Amino acid sequence: MSTIKPPGLHRRRLIGVGAAAAITGFPNIGFTQARQPIKIGVPTILSGRVAQLGISSRNAMQIEVDAFNASGGLDGRPIELIVRDSRGVPAEAARIAREMISSDAVEFLFDAEPSSGGFAIHEVVRETGTVTLHINSETSSLTADPRQRFWNAFRVARQGIHDSIAGGYYAASVARSRNLRRWMTISPDYAYGRDTTAEFVEFARSFNADIQITGETWPRLFQADYTENITRLNQGRPQAVYSCLWAGDLVTFVEQASIFGLFAQSQLFAVNMADYTTLQQVRNLPRGVHSGNRYLRNFPTVPENLAFATEYNRRFNTFPTNWSWQSATAVRLLTTALRQVGGTNPREVAAKLKGMTIESPFGAEGTVTMRAEDQTLVDYAIGWGTTISADPFVENMQKADWATIRRLEAEWKRGKGWG
Amino acid sequence: MGFGRDSAIALAVLLVFILLEFTGLRSAGLVDFAIRFATFGLLALSLNLLIGSAGLVSFGHAAYFGMGAYSFGLLMQTGAWSVPAAILAAVAMTALLALVIGALCVRLSEIYFAFLTLAFQMLLHSLILSWIGLTGGDQGLMGGIPKPPFLGVDLARQDHLAAFSLFCLVASAVALRQILRSPFGAALRMLRDNPDRAAFLGLSVFRYRLAAFVIAGSFAGLAGVLMSLYVSGAFPSFAFWTTSGEAIFMIMLGGVSVFLGPLVGTAIFLMLNDWITAVTEHHGLFLGIILLIIVLGLRKGLLDFAVEHWRARRGNQP
Amino acid sequence: MELTELGECVSSLSCVVTQLAAGLTIGMLLFLVASGLTLIFGVLGLVNFAHGSLYMMGAYFALAAYGPTGSFALAVLAGTLGAALLGLFFERFLLSRIYGQDVLMQLLVCYAIILILDDVVKIIWGADFRNMGVPPAFLHPPFIIGGGVVPYFYAILFGITALIAVALSYGMSRTRFGRIVRAAAVNPGMVGALGINTTVVYAAVFAIGAGLAGAAGALSAPIRSVVPGAGVSILIESFIVTVIGGMGSIGGALAASLILGLTRSFGSIGFPLFVEGAMFVIMALVLILRPSGLGGRRG
Chain A
1 MSTIKPPGLH RRRLIGVGAA AAITGFPNIG FTQARQPIKI GVPTILSGRV AQLGISSRNA
61 MQIEVDAFNA SGGLDGRPIE LIVRDSRGVP AEAARIAREM ISSDAVEFLF DAEPSSGGFA
121 IHEVVRETGT VTLHINSETS SLTADPRQRF WNAFRVARQG IHDSIAGGYY AASVARSRNL
181 RRWMTISPDY AYGRDTTAEF VEFARSFNAD IQITGETWPR LFQADYTENI TRLNQGRPQA
241 VYSCLWAGDL VTFVEQASIF GLFAQSQLFA VNMADYTTLQ QVRNLPRGVH SGNRYLRNFP
301 TVPENLAFAT EYNRRFNTFP TNWSWQSATA VRLLTTALRQ VGGTNPREVA AKLKGMTIES
361 PFGAEGTVTM RAEDQTLVDY AIGWGTTISA DPFVENMQKA DWATIRRLEA EWKRGKGWG
Chain B
1 MGFGRDSAIA LAVLLVFILL EFTGLRSAGL VDFAIRFATF GLLALSLNLL IGSAGLVSFG
61 HAAYFGMGAY SFGLLMQTGA WSVPAAILAA VAMTALLALV IGALCVRLSE IYFAFLTLAF
121 QMLLHSLILS WIGLTGGDQG LMGGIPKPPF LGVDLARQDH LAAFSLFCLV ASAVALRQIL
181 RSPFGAALRM LRDNPDRAAF LGLSVFRYRL AAFVIAGSFA GLAGVLMSLY VSGAFPSFAF
241 WTTSGEAIFM IMLGGVSVFL GPLVGTAIFL MLNDWITAVT EHHGLFLGII LLIIVLGLRK
301 GLLDFAVEHW RARRGNQP
Chain C
1 MELTELGECV SSLSCVVTQL AAGLTIGMLL FLVASGLTLI FGVLGLVNFA HGSLYMMGAY
61 FALAAYGPTG SFALAVLAGT LGAALLGLFF ERFLLSRIYG QDVLMQLLVC YAIILILDDV
121 VKIIWGADFR NMGVPPAFLH PPFIIGGGVV PYFYAILFGI TALIAVALSY GMSRTRFGRI
181 VRAAAVNPGM VGALGINTTV VYAAVFAIGA GLAGAAGALS APIRSVVPGA GVSILIESFI
241 VTVIGGMGSI GGALAASLIL GLTRSFGSIG FPLFVEGAMF VIMALVLILR PSGLGGRRG
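Chains as they are written, first to last, in full-length UniProt numbering: chain A, 1 to 419; chain B, 1 to 318; chain C, 1 to 299.
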């Protein structure tokens, strides 16, 4: 008999407090045939302000891994996840990744770090040649820049440029119909915030040349208070405001901006609004905020997606995040490749992953593909809609068209010299 | 005499490690640990020159760690530098930074010195974050750091890097110990314990403290170089206050009054950190409680405690 | 730098009103935290690095009280008293053991408290950020004064914080307790010789300082996310305030808090990318030119 448990689980029980939802979520699965497990290392963040990133990633992986193990694993070999907390320090993420590879002998990595830690791990596995799936890093350059590309690293996450094309297209059409010309932006001052905003502006303007950016304000990442940024927006009297703030920072901004009466005069386009953890925390959600989908159980409207959310909710008493669907997709991609290869040889698994298409409840048309040319996920569902104050929180979802995204992405890459 | 003995011990330590590493006994875990131990040990050792010997509590030591890492990484990415030349240049640049900041800081006493060093460190940190064109901002230096082999040493290999890092640590430790044994070191201790007497003897408080500040900063810069070699990059968190905090933590764990105290503290800290990360996600809770037990229980570093205990026992003997 | 925009702002009434009101409100919230920090340093000689965590705990206590009762007044009360009691506990059982030891010991004990509290709130309230939301009673359209926008809730916050500041200043200058505290700051031995129990004075001062931080956390809970680790940024700003104002000086802390608040609000228009840096530059300049700070007693 071998039992599958995430490391430290029983020790957490010893501490004896809290996190009950997380603990009860992991059943122990017995195997009649004791085989060497396939170890997968998961460096992520489990503490501090973005602990939800790691927790909701791990939850979703565990659902999928349990399903894989219950169905016999890889010829009886189950997957064992080794999840460790880098506390958001990139050097620590690199250290943990290295240690997982050398001391724990993991065969694959699911890098569930955000961009900063993701790039650190990227450098580690460039040297070690470990097959790695980046799960939460949305910064476009990670896969779009050919200098960053090597055979064993893949991205299973939405990508800034895809969101920006979809968002720019949507914003341009709304702007045309409502005659919104004066725009301002408020985004967090770090790589993801700056790149995503610049790309959004570029595409919105390419679809609708009347859009003018009259001002921008850049709060720090995790800034506690947005008063100064909101008064700056108020001075500019924009007709529309774009933001790629996320999670708690977005909630704080929306609450504060509401009491300044900002949304009485300006339309808000917040790409990261439609995530349950965010939507459920905003107490005074203004009606009609334009948002991209992060994760919504009713978009795409397919039974498997609803079932995923229901199962997640049953086990963890909360709803999946954007990070959850990405994590689930990573497990499905890797396990499919493992079974097709019939082993864990890194070169063979990587070759199989390249260009692989699988059925997915999160796909725009029922499938997602690991695009061969740049080893990044495409064809996942992207859409924009407007918020309402109660469940299902978002209405009028408009699905983005992947043919347009691919075409403009290719142009954008050529413009960067990455084509 | 002291120098010869130190060098012999240092050489022996290095040989033992190399034997371990390049014979059957090596393990990947040992190699990784050696690199990190050398890196943080050097950082802690250099900080203890200020805290332990000069009595200057700096909260901003990570500034030089970060400076060393970024200077080295940027020089290597130009492709025009060899590793030893870039290391020398990075350490020189760090020394220059320490000279400028030190000249402004060392005039202040105690808590004001601590806060001003902290302020400069945060200033450097926000500079790294905002100068995206040069530093890559919050993503750090990307694209890897090339490590062309020199003199048969290939730092792209982890075992070579481990041996090289330990060599740097051991050589620096011998050098630092020589500095402390010299009249300069004696003067520093006098300035710490009895500044009035030192001033009476005509010692320039400013010059001695500034020199100590620059020396400590330079060795921290070398530690930063090792760190950037290890992770093949440089990140803003290198120059963040948490890095300074950890270095202080290591020193306090091991003890400030014994020369090797910071190294013992580093080893304990790293093992503690790795063990806690491996067994729990409540890292803070565990570390915090252990910290409280050590600080409130022993009230000093482990080696300080051991040495005092030993002396007390010896003193009691008839 | 967008100094022309700053010039335009300063010459327009609406902009000045908006920025002034915002800057003063942020400044006053900061003052509550920083005054506690500076008070504790002045009397106990202790640099309370865990002060930001008490602010965070105040916010969590407020959230816990607000959930079932829906009363903002009770929430603020719970935040203040909860943080004060927690502070008292730390002072009695942990910090009092290291009085008179060097700043490194204080740093480490406080560091341990920060680490533990961040994990404890995660265990009790979950890792996710939480949001109280502005209580419905305060959901009114903003005041428009001279074309400038002043949110209703900000006006309330400013009123409450100003009242607390006045009460603090009255308590320190006019009451017997205040005189004892000020005497203890200058010469604790003398206060002890007069038959006053300095242990009680120290504990009370620490509880008051912690309560002030808790009050700030509770008051800002409706407009700021409540999240593990929320205390770090406010801690750093409070230190900047304490250093600029002079360590131990409450009047200096008030001036410095308002300076920082206004630097933030006007800086976001004039030098938006250097607001953070500007605060460190001000701090460094004060330390170099006048280490005792604006209101410091030492020359």
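Keep in mind that the hints were calculated from the coordinates and are not lab data. Check the hints yourself; a few may be wrong.
[To be verified] Quick partial rundown of chain B residues pointing at chain A, CB under 10 Å, derived from the structure: (1) 103; (2) 138; (3) 139; (4) 145; (5) 148; (6) 150; (7) 151; (8) 152; (9) 160; (10) 232; (11) 277; (12) 284.
[Stated by the list, open to error] Straight-line alpha carbon distances no greater than 20 Å define the calculated SDA-like cross-link-like pairs of lysine to any residue that follow: (13) 39(A) with 274(B); (14) 300(B) with 164(C); (15) 413(A) with 367(A); (16) 147(B) with 129(A); (17) 399(A) with 364(A); (18) 300(B) with 97(C); (19) 39(A) with 275(B); (20) 354(A) with 374(A); (21) 300(B) with 94(C); (22) 300(B) with 98(C); (23) 399(A) with 145(A); (24) 147(B) with 374(A); (25) 300(B) with 257(B); (26) 352(A) with 129(A); (27) 147(B) with 345(A); (28) 39(A) with 148(A); (29) 416(A) with 202(A); (30) 300(B) with 99(C); (31) 147(B) with 413(A); (32) 354(A) with 150(A); (33) 147(B) with 157(B); (34) 354(A) with 177(A); (35) 416(A) with 132(B); (36) 147(B) with 132(B); (37) 300(B) with 101(C); (38) 39(A) with 147(B); (39) 300(B) with 162(C); (40) 416(A) with 134(B).
Here the structure is a predicted model, which means the values were calculated and not measured. The beta-carbon is built from N, C-alpha and C at its ideal position, and this holds for glycine as well.
Against the structure, the hints:
no.: 1; hint: 103; verdict: 30 Å, violated
no.: 2; hint: 138; verdict: 4 Å, holds
no.: 3; hint: 139; verdict: 5 Å, holds
no.: 4; hint: 145; verdict: 8 Å, holds
no.: 5; hint: 148; verdict: 15 Å, violated
no.: 6; hint: 150; verdict: 19 Å, violated
no.: 7; hint: 151; verdict: 22 Å, violated
no.: 8; hint: 152; verdict: 20 Å, violated
no.: 9; hint: 160; verdict: 13 Å, violated
no.: 10; hint: 232; verdict: 4 Å, holds
no.: 11; hint: 277; verdict: 5 Å, holds
no.: 12; hint: 284; verdict: 6 Å, holds
no.: 13; hint: 39(A) with 274(B); verdict: 19 Å, holds
no.: 14; hint: 300(B) with 164(C); verdict: 40 Å, violated
no.: 15; hint: 413(A) with 367(A); verdict: 24 Å, violated
no.: 16; hint: 147(B) with 129(A); verdict: 17 Å, holds
no.: 17; hint: 399(A) with 364(A); verdict: 8 Å, holds
no.: 18; hint: 300(B) with 97(C); verdict: 13 Å, holds
no.: 19; hint: 39(A) with 275(B); verdict: 19 Å, holds
no.: 20; hint: 354(A) with 374(A); verdict: 9 Å, holds
no.: 21; hint: 300(B) with 94(C); verdict: 15 Å, holds
no.: 22; hint: 300(B) with 98(C); verdict: 11 Å, holds
no.: 23; hint: 399(A) with 145(A); verdict: 27 Å, violated
no.: 24; hint: 147(B) with 374(A); verdict: 26 Å, violated
no.: 25; hint: 300(B) with 257(B); verdict: 10 Å, holds
no.: 26; hint: 352(A) with 129(A); verdict: 16 Å, holds
no.: 27; hint: 147(B) with 345(A); verdict: 29 Å, violated
no.: 28; hint: 39(A) with 148(A); verdict: 26 Å, violated
no.: 29; hint: 416(A) with 202(A); verdict: 13 Å, holds
no.: 30; hint: 300(B) with 99(C); verdict: 14 Å, holds
no.: 31; hint: 147(B) with 413(A); verdict: 30 Å, violated
no.: 32; hint: 354(A) with 150(A); verdict: 12 Å, holds
no.: 33; hint: 147(B) with 157(B); verdict: 9 Å, holds
no.: 34; hint: 354(A) with 177(A); verdict: 41 Å, violated
no.: 35; hint: 416(A) with 132(B); verdict: 17 Å, holds
no.: 36; hint: 147(B) with 132(B); verdict: 23 Å, violated
no.: 37; hint: 300(B) with 101(C); verdict: 11 Å, holds
no.: 38; hint: 39(A) with 147(B); verdict: 31 Å, violated
no.: 39; hint: 300(B) with 162(C); verdict: 43 Å, violated
no.: 40; hint: 416(A) with 134(B); verdict: 18 Å, holds
The structure does not agree with the numbered hints 1, 5, 6, 7, 8, 9, 14, 15, 23, 24, 27, 28, 31, 34, 36, 38 and 39 stated previously, though it agrees with the rest.
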